[in-house]
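Those protein sequences? They're chains A and B, same order as listed.
FYI, the numbering for the first sequence is 1 to 315, going by the working numbering.
FYI, the numbering for the second sequence is 316 to 641, going by the working numbering.
Simulated from the structure, these hints should not be mistaken for laboratory data.
Incorrect hints may appear among the rest.
Said to hold, decoys possible - Each computed DSSO-like pair below joins lysine-lysine, with the alpha-carbon atoms no more than 30 Å apart: (1) Lys159/A / Lys471/B; (2) Lys163/A / Lys351/B; (3) Lys471/B / Lys184/A; (4) Lys135/A / Lys342/B; (5) Lys86/A / Lys37/A; (6) Lys186/A / Lys487/B; (7) Lys139/A / Lys565/B; (8) Lys163/A / Lys186/A; (9) Lys159/A / Lys186/A; (10) Lys592/B / Lys134/A; (11) Lys226/A / Lys342/B; (12) Lys134/A / Lys342/B; (13) Lys91/A / Lys69/A; (14) Lys308/A / Lys423/B; (15) Lys89/A / Lys487/B; (16) Lys541/B / Lys139/A; (17) Lys163/A / Lys471/B; (18) Lys139/A / Lys423/B; (19) Lys87/A / Lys37/A; (20) Lys423/B / Lys186/A; (21) Lys351/B / Lys135/A; (22) Lys487/B / Lys226/A; (23) Lys163/A / Lys423/B; (24) Lys134/A / Lys487/B; (25) Lys184/A / Lys487/B; (26) Lys135/A / Lys423/B; (27) Lys423/B / Lys226/A; (28) Lys139/A / Lys351/B; (29) Lys471/B / Lys135/A.
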Amino acid sequence: MDSIDVLTLVPTSISAYLEQELDKRFNVLKLWTVPNKTQFIKDNSSSIRAIVGHGGAGADAELIDSLPKLEIISSFSVGTDKIDLKKCKEKGIRVTNTPDVLTDDVADIAIGLALAVMRRLCESDRYVRSGLWKKGDYKLTTKFTGKTVGIIGLGRIGKAVAKRAEAFSCPIAYFSRTEKPELKYKYYPTVVELASNCDVLVVACPLTEETRHIINREVIDSLGPKGVLINIGRGHHVDESELVSALLEGRLGGAGLDVYQNEPEVPEQLFGLENVVLLPHAGSGTTETRNAMADLVIWNLEAHFLNKPLLTPVV
Amino acid sequence: MADDNQSELRTVLILRRFAFIVLMEPKLSQKFNLLKAWDSPLPQDQFLTTHARSVQALISSANGPPITAQILQLLPSLKIIATTSAGLDHVDLAECRRRGVAVVNAGKAFAEDAADAAVGQFIDVMRKISASDRYVRDGLWATRGDYPLGSKIGGKKVGIVGLGNIGLEVAKRLEAFGCSVSYNSRSERPNLSYQFYSNVCELAADSDALIICCGLTEQTRHMINKEVLCALGREGVIVNVGRGAIIDEKEMVQCLVRGEIGGAGLDVFENEPDVPKELFALDNVVLSPHQAVLTHEAFMGLGELVTGNLEAFFSNKPLLSPAVID
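Here chain A stands alone, though its shape is the one from the complex (with noise of 0.2 Å):
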């Protein structure tokens, strides 16, 4: 399959394992590696066959539009917001992505991210290291079990933070597209009504034209100066603009994020507060888990050349 072309959009610093892998296999186009992007990519345009994504890099209308040779798009990720699905369906173009494999490293960073921020873990920690600790000095913090965890999404990953909070006996509450009666877990029928009755506000829902900005100034200022958001979903679920003057007037109590608007961009103003963790992209961010989903990569891409059924289909 060496001379088939892949044109891959994960950087080395994501995954070397994946690069090394596609190496392997296929011929690698590296569109982190060229300076003028556009032009490599019209110079190689009749000849890509595939696309592998990431979380933050897929494939819109005009990219999909200009290669004629696309077969499949096969994103390192769970999340396709960055992938035109309806182009996609419409050329017969097939999508794969890589659920399953980060569920539990996502929501282990959910409730990572909601004891650091509660526990003010990261801030004791510059505190201690700063060399200014004292004897006598202390300050108390906000306890986490038996809080209530609020969740958007009760997905695979939803339903993963939900487990890890109810082993800190935290009571669940959630919104969905739809309520399941199934699970124990109480419903709200808005996100406000959701974040006015939660402690602990966590997305893990996907991003959709519905879902943009789902964390809005009046969910903000529902969950409160006591409340606070975890978000591992896409920084586009949130007003982010909204969310740093919730944060700096002391409108919201404190927010753990994984994702931003613009990545790796993340509002500076946010920097100096420490009732906040800001992580980089990490959700998936183990050894483990980057290797199972580099080789659900491989996996699909393979089956789609070898004409066998793919793997993890999302079109």
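With the hints as your guide, set chain B onto chain A.
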């Protein structure tokens, strides 16, 4: 000048104005006549001899001063010590037993908060939360790319050292993350599905991480020594919410510096507030200033428990949280 109300209140001695007292003084003053040693110009021993001979109750803190045989000698009427900690290593328990002084501690009041802190630090070390938060705040994500990958928590074998109130809460939480839990304790606990190891070194050898949740005693001092750390290994992680002296700190620092263990989450140190400076340069270490139990909720709960214990004592009712001493 004591008013009528004050003279009906039973007297409780406090030696130092520590965090709990600062917060709880208003409430405690309503229920008890607080005899505050720190308020007096007299040195402590003299104060006790002069004013505390008939005092029956003392509120003590793990932050000091330690309740030594010497102090107990100056308090001949003392019958109960209420410590605001779960730990008892700062109280001469043998001397208390000899003198018939009951000791009540924080019991389970802190267990959940301590477990939350232990699990939080464990996740932090494994997933590099504090380190990558620092990376983002230093503006490095845009310039240097993604932060190095962490280690998956699911499927890891965690060894809990000390399966008491805190250890059990830690176990319950980690199970939900898909960890398999084993433990070392003074004795095996029946009816638990966790694997018991009578030898902490064997536990370390079979574990990906150790979480220290036990108290500091003669037996546990420097229990986590070079041998145990070697058994834990290059990829192993250690989290300590017990007492600093349970770990041979010098040895652990060397292991971390040399890359002989994978990482550490430390809330306690042998000589607080001194923290070995070598740790400040390490990204695989998460540090906190002995705050595993310092939440608003824990303090409220503790306030009720201390008050409840002292009220029970003074009205000759069963104590709420007598310390389990062996």
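- Distance restraint between Lys163/A and Lys351/B, which requires alpha-carbon spacing of 30 Å or less: Violated, at about 48 Å.
- Are the Cα atoms of Lys86/A and Lys37/A separated by 30 Å or less? Measuring from Cα to Cα gives roughly 24 Å; hence the hint holds.
- Message: For Lys471/B and Lys135/A, compute the direct alpha-carbon distance and say whether it is at most 30 Å.
- Response: violated, 36 Å
- Within 30 Å, alpha carbon to alpha carbon, are Lys487/B and Lys226/A? The given pair, whose Cα atoms are some 27 Å apart, holds under the 30 Å limit.
- Query: Are the Cα atoms of Lys351/B and Lys135/A separated by 30 Å or less?
  - Reply: holds, 20 Å
- Given pair status - Lys471/B, Lys159/A, alpha carbons within 30 Å: Cα-Cα ~21 Å, so holds.
- Given the proposed pairing of Lys186/A with Lys487/B, does the C-alpha separation stay at or below 30 Å? holds, 23 Å
- Compare the distance between the alpha carbons of Lys139/A and Lys423/B with 30 Å, and conclude whether the hinted pair is satisfied. Roughly 21 Å separates the two Cα atoms, so the pair holds.
- Keeping to a limit of 30 Å between CA atoms, is the pair of Lys91/A and Lys69/A held or broken? Between Lys91/A and Lys69/A the Cα gap is close to 11 Å, so the pair holds against 30 Å.
- Item | Restraint check for Lys89/A with Lys487/B, where alpha carbons must lie at most 30 Å apart | Distance ~46 Å between Lys89/A and Lys487/B Cα, so the pair is violated.
- Message: Lys592/B and Lys134/A were given as a pair; does the straight-line alpha-carbon distance stay at or below 30 Å?
- Response: Holds, because 15 Å separates the two Cα atoms, which is no more than 30 Å.
- Within a Cα-Cα threshold of 30 Å, do Lys139/A and Lys565/B meet the stated pairing? holds, 28 Å
Going through the hint list in order, the structure does not satisfy hints 2, 14, 15, 16, 24 and 29.
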